[in-house]
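The listed protein sequences derive, respectively, from chains L and U.
Take the first sequence: its position 40, counted from the start at 1, is 40 in my numbering, and no numbers get skipped.
Offset between the second sequence (1-based) and my numbering: plus 1000.
Everything labelled a hint here was simulated from the structure, so no lab data went into it.
Note that the Cβ used here is the ideal one computed from N, Cα and C, for glycine as well.
Where hints are given, some of them may not hold.
Now the stretches of chain U that chain L is said to cover, found in silico as 3 or more residues with beta-carbon under 8 Å [as the list claims (entries may be wrong)]:
| hint | segment |
| --- | --- |
| 1 | 1021 to 1035 |
| 2 | 1046 to 1054 |
| 3 | 1061 to 1072 |
| 4 | 1083 to 1096 |
| 5 | 1103 to 1114 |
| 6 | 1134 to 1141 |
Below, simulated EDC-like cross-link-like pairs (lysine to aspartate or glutamate); rule was C-alpha separation at most 20 Å, straight line [what the hints assert, rightly or not]:
| hint | chain 1 | residue 1 | chain 2 | residue 2 |
| --- | --- | --- | --- | --- |
| 7 | U | LYS1063 | L | GLU56 |
| 8 | U | LYS1037 | L | ASP73 |
| 9 | U | LYS1077 | L | ASP54 |
| 10 | U | LYS1037 | L | GLU70 |
| 11 | U | LYS1077 | L | GLU74 |
| 12 | U | LYS1073 | L | GLU70 |
| 13 | U | LYS1063 | L | ASP102 |
| 14 | U | LYS1073 | L | GLU74 |
| 15 | U | LYS1073 | L | ASP73 |
| 16 | U | LYS1077 | L | GLU70 |
| 17 | L | LYS92 | U | GLU1027 |
| 18 | L | LYS92 | U | ASP1092 |
| 19 | U | LYS1037 | L | GLU56 |
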Amino acid sequence: MCHQTVSLIARHLETAGTPTVCLTSARDITAAGNPPRAVFVDYPLGHTSGRPFDPEDQYDITRAALAGLETIDEPGDILDLGRRWSDDDGWKADAMRTDGEDTRSARDTTPQWQYPEDRIAAEGTTNSGETT
Amino acid sequence: MSVRYIDAITARYENLGYTPYRWVYAEDPPAFTPMAKPLANSRIGVLTTSGAYALGQTAFHYKDDTSVRAIPKTTPKQDIRFSHITENYLEDPRRDSECVLPLTALNRLEDDGFVGDVADDTLSCMGGIYSQRRVREELIPDLAARFEAQSVDAVFLIPM
């Protein structure tokens, strides 16, 4: 869903005259949402801009994505960076399981702090991030 | 072959007895705006939809939160936090935020001269918004106004 939200945003910005490029790790969702330019990283969700603690991987992906702003000239093109997460694709079978439980969190309007201390930090500052 | 998320998620929700989720299938081809100047002279705006917030900012909630956080690009990575409705995908971003908000790489690309510069604040929202109407009517106008105020020449979007 996050991926389709990005497609909606990119299409709007582009219509208003700003070039965009979207990273994606969900090729099918991006193909359906059809943003102007996309760069595909075949990693499990949660690693769109690279592997954890791998600055070179993160740099290479970010650089390739930004390069797509200039190199992609076909509207809707999805450039495949040809990266592999691991030697075997076992993680893909897990991602395609259809018998799982609902892994989403409950939906309400309470801020979902990563750590309880974050709430205290936010209350102690005038910078909510929303008005900057 | 890449993962077929739409098929898998649709089947999973069906097995749970949920009403089918309505995926976005864009009917028209996207607009396309060529770069007005070289990347090396362009200011890049950045959006992550991973629910990132900086220490001192308010976390996102999970019921169609369409608010936006402005995270300074100089924020130390240990001060980046996440709240996103699909928390199961946050395991690695919560260990290393650069999996979905690559601030070090972006600052390096600016230093390298690969891009002109990166807007001072990277923008963040919680992309798991079920109401496409609220994405269109609330989130997108807010983001568009912020990017315009930043005078960006192009925008880089990072979903989770």
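| task | Go through the numbered hints given earlier and state which of them the structure violates, listing their numbers in rising order. | result | 7, 11, 12, 14, 15, 16, 17, 19
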